[in-house]
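Novice: Work out the full structure, taking the sequences as your base and the hints as a guide.
Protein chains: 2
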Amino acid sequence: MPAFKRLPRAVRERQMLDSAVRVFSRRGYHAASMDEIAEDAGISKPMVYAYLGTKEEVFLAALHREAARLMDVVAGAVDAGTPADRQLWSGLRAFFDFVAGNREGWTVLYRQARGLEPFAAELAGMRSRMVRVVTELLTQAMSTSGGQATDTELEVMAHALVGAGESLADWMTDHPGADPAKTATQMMNVAWLGADRLLSGTTWRPGTGP
Amino acid sequence: MPAFKRLPRAVRERQMLDSAVRVFSRRGYHAASMDEIAEDAGISKPMVYAYLGTKEEVFLAALHREAARLMDVVAGAVDAGTPADRQLWSGLRAFFDFVAGNREGWTVLYRQARGLEPFAAELAGMRSRMVRVVTELLTQAMSTSGGQATDTELEVMAHALVGAGESLADWMTDHPGADPAKTATQMMNVAWLGADRLLSGTTWRPGTGP
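Same order as they appear, the protein sequences are chains A and B. Here this note's numbering is used: position 178 in the first sequence is 178, and no number is missing along the way. Basically this note's numbering = 1-based index in the second sequence + 1000.
Honestly, the hints are just simulated from the structure, not real lab data. The model shown is predicted, which means the values in this text are computed figures rather than measured ones. Backbone N, C-alpha and C define an ideal beta-carbon position, used for all residues, glycine too. Some clues are possibly wrong.
[Claimed, not checked] Among the chain B residues that face chain A by a calculated CB cut under 7 Å, a handful are: (1) Gly-1028; (2) Gln-1112; (3) Glu-1117; (4) Glu-1153; (5) Met-1157; (6) His-1159; (7) Val-1162; (8) Ser-1167; (9) Leu-1168; (10) Trp-1171; (11) Gln-1186; (12) Gly-1194.
[Stated by the list, open to error] Which stretches of chain A does chain B cover? Using the computed rule of at least three CB atoms under 8 Å from a CB of chain B, they are: (13) 113-125; (14) 165-173; (15) 187-194.
Specialist: Here it is as structure tokens:
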């Protein structure tokens, strides 16, 4: 066992959460055991309980940590002084970079947490914050481009963009060779060209027929 | 107990699956019990086991049934002889109609199944089929509009559209008053205007800077 008895609490907690993310990602929440997390972290099981609590609490802590890291990298990448399309692209690029470099974290955040009853509300809250950030971005963009979209329409648009981003992040998880910057550009090509037209007042109409 | 002892097997199975979807949706997979499913269906628990098997098998059967219903309504709504944007809109409208009319089924399909280890592969397969249908639609659309997107770009676009659709369906689940036809039109306004420009050769470029 590595000799890290004197490590500060924060460092040790980070190592345990790294191990937890690895083990949950590999095994799934229900099959993952505290024994395996402790073993991966090179620490005793009672120590894991002492630091982080029950398996449910460990998962919640891992979920929070991964969500906070994701929010940090995305927020840090966006320069509010740049045009809306560049802000969106910078945010997407940081998001896809995060996922490409941290597939285990994404697996826990996206593929596992949402199907687990105790974490569904937690995750919905995190996702709402992301939707609100994108809605705000679209609202700013529209103020300079002359569109007439309502608040609900902008919120719906934000939900569509967040869903598209999640889906592509998930696609990247299954395609390790995919380039995050290229994926961000491809998403802009689908989503932004359309959003841009809508924000400046062009709309699609179903035309005739049912 | 209702007197449906003589009901044909198919009818009784459908009633049991209706009950299973209701109970799983309400309780979540782990908290749902075979007792509650049997009670909801007005049938004895041994009968549920006899017809459908273990709880895992019941969930899988419910998942299959909801996915098949969804595929049926979407495929039935799309007229291959119409333009690509109308095909996409018709499919989206049928999809959002299904979700608006069947929130319990959507909860089981989308919110629960993907986080449950035994069903993740099953669900990934269903989603792949949906992505393939959309990719095919985009490929056809491009053949008449002169774009230069590669197969991978079309697949990425399809993933973005499917993700956007899922996200809006989920938004609808939380907004019971939302109109499926209007939601389909709103999604077209974001996604199709962009896809249309891309398919006809207009692309978004990140421009200068990092």
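Novice: State for each hint whether it applies.
Specialist: Comparing the hints with the structure gives:
Against a cut-off of 7 Å between C-beta atoms, the interface hint on Gly-1028 (chain B) holds, since the closest Cβ of chain A lies about 4 Å away. Taken as an interface hint, Gln-1112 (chain B) checks out: its beta carbon lies about 5 Å from the nearest beta carbon of chain A, inside 7 Å. For Glu-1117 (chain B), the interface hint holds, the least distance from its beta-carbon to any beta-carbon of chain A being 4 Å, beneath 7 Å. The interface hint given for Glu-1153 (chain B) is met, as the beta carbon of that residue sits about 6 Å from the closest beta carbon of chain A, less than 7 Å.
Using the Cβ-Cβ criterion of 7 Å, the hint placing Met-1157 (chain B) at the interface with chain A is satisfied: the shortest such distance is roughly 5 Å. Annotation: His-1159 (chain B) was flagged as interfacial toward chain A, and the flag holds, the nearest CB pair being 5 Å apart, inside 7 Å. Restraint check, Val-1162 (chain B) versus chain A: the minimum CB separation of about 6 Å is within 7 Å; hint holds. Nearest Cβ of chain A to the Cβ of Ser-1167 (chain B): about 2 Å, under the 7 Å cut. The hint holds.
For Leu-1168 (chain B), the suggested interface contact is upheld, since its CB lies about 6 Å from the closest CB of chain A, less than 7 Å. A cut of 7 Å between beta carbons decides the hint on Trp-1171 (chain B): the least distance to chain A is about 5 Å, and the hint holds. For Gln-1186 (chain B), the interface hint holds, since its Cβ comes within 7 Å of a Cβ in chain A; the closest pair sits about 5 Å apart. Taking 7 Å as the C-beta contact cut-off toward chain A, the hint placing Gly-1194 (chain B) at the interface holds, the least distance being around 3 Å.
Requiring three or more residues with a Cβ within less than 8 Å of a Cβ of chain B, the coverage given for the segment 113-125 of chain A holds, as 6 such residues are present. Look at the segment 165-173 of chain A against chain B: 6 of its residues bring a Cβ nearer than 8 Å to a Cβ of that chain, three or more, so the hint holds. Given as covered by chain B, the segment 187-194 of chain A passes the check, having 8 residues with a CB less than 8 Å from a CB of that chain where 3 are the minimum.
Of the numbered hints given earlier, the model fails none.
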